[in-house]
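**Student:** Listed here are the chains, written in short residue letters.
Number of protein chains: 2
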Amino acid sequence: MEILKVASRSNPNSVSGAIVGAVEQDGAVELHAIGAGAVNQTVKAIAIARRSIERDGASALKVIPGFLELEIDGESKTAIRFVVET
Amino acid sequence: MEILKVASRSNPNSVSGAIVGAVEQDGAVELHAIGAGAVNQTVKAIAIARRSIERDGASALKVIPGFLELEIDGESKTAIRFVVET
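Chains A and B are the protein sequences, given in the same order.
Using my numbering, read the first sequence as starting at 1 and increasing by one per residue.
Using my numbering, read the second sequence as starting at 87 and increasing by one per residue.
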């Protein structure tokens with residue numbers, strides 16, 4: 001499953017395009033976000049992707065959010081992991 | 087369906103308890119969040135609720151995020167709406 005890393009500076013429209021592409025190809029995609037800004041952009045991107053996928057008549061996207069411990073520059077960070085699937 | 091309004095100051099553990107209670111009672115609950123901090127607390131609360139519900143052997147929570155236009159103090163604001171259901 002493809003993993004998309006989303007930052008607070010990420011463009012929700014671009015991320016939503018990547019979500020739609022990955023879901024069409026693999027049926028699911030995983031997104032990682034660290035911090036409130038990144039989580040917010042991820043949720044906006046998923047909401048946009050959902051709208052676009054449902055407009056195309058496909059079945060609704062399901063989202064499963066969870067926690068994930070990541071090591072970044074030797075520091076342990078708690079990320080939010082979103083699994084998005086049809 | 088019960089509507090929970092989540093703020094950036096909301097405690098994710100308390101919100102998660104409210105989610106679990108509402109889902110056990112009605113099978114679904116709706117959460118509204120305005121702004122990155124509130125969206126982040128909402129996602130954390132859903133992730134905690136999911137963990138607790140799955141530990142109890144119930145089926146996984148599904149989340150459906152979308153946009154919502156709200157009028158607050160005469161001003162139009164775009165909120166994120168999360169529908170959480172089993």
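Heads up, some of the hints might be wrong.
[As the list claims (entries may be wrong)] To spell it out: a stretch of chain A is covered by chain B in this simulated footprint if at least three of its residues, at any positions, have a beta carbon under 8 angstroms from a beta carbon of chain B; those stretches are:
#: 1; region: 14 to 26
#: 2; region: 29 to 43
#: 3; region: 52 to 60
[As the list claims (entries may be wrong)] What follows is a list of derived Cβ distance ranges for each label pair:
#: 4; chain 1: B; residue 1: S162; chain 2: A; residue 2: Q25; range: 23 to 29 angstroms
#: 5; chain 1: B; residue 1: T164; chain 2: A; residue 2: S76; range: 15 to 21 angstroms
#: 6; chain 1: B; residue 1: L156; chain 2: A; residue 2: S59; range: 23 to 29 angstroms
Since the hints were derived computationally from the structure, they do not count as laboratory data.
Backbone N, C-alpha and C fix where the C-beta goes; we use that ideal spot for every residue, glycine too.
**Student:** Each hint should be assessed against the structure and marked as holding or not.
**Tutor:** For each hint, the structure was consulted:
Here's how the region 14 to 26 of chain A fares: 0 of its residues keep a CB closer than 8 angstroms to some CB of chain B, so the rule of at least three is not met and the hint is violated. Counting residues of the region 29 to 43 of chain A whose beta carbon lies closer than 8 angstroms to any beta carbon of chain B gives 6, which meets the minimum of three for the stated coverage. Under the rule that three or more residues need a Cβ within less than 8 angstroms of chain B, the assignment of the region 52 to 60 of chain A is violated, with 1 such residues. For B:S162 and A:Q25, the hinted distance range of 23 to 29 angstroms is not satisfied, since their beta carbons lie about 37 angstroms from each other.
Against the hinted window of 15 to 21 angstroms, the Cβ-Cβ separation of B:T164 and A:S76 comes to about 34 angstroms, which falls outside the hint. Checked against the given bound of 23 to 29 angstroms, the beta carbons of B:L156 and A:S59, roughly 28 angstroms apart, stay inside it.
The structure is inconsistent with the numbered hints 1, 3, 4, 5, although it conforms to all the rest.
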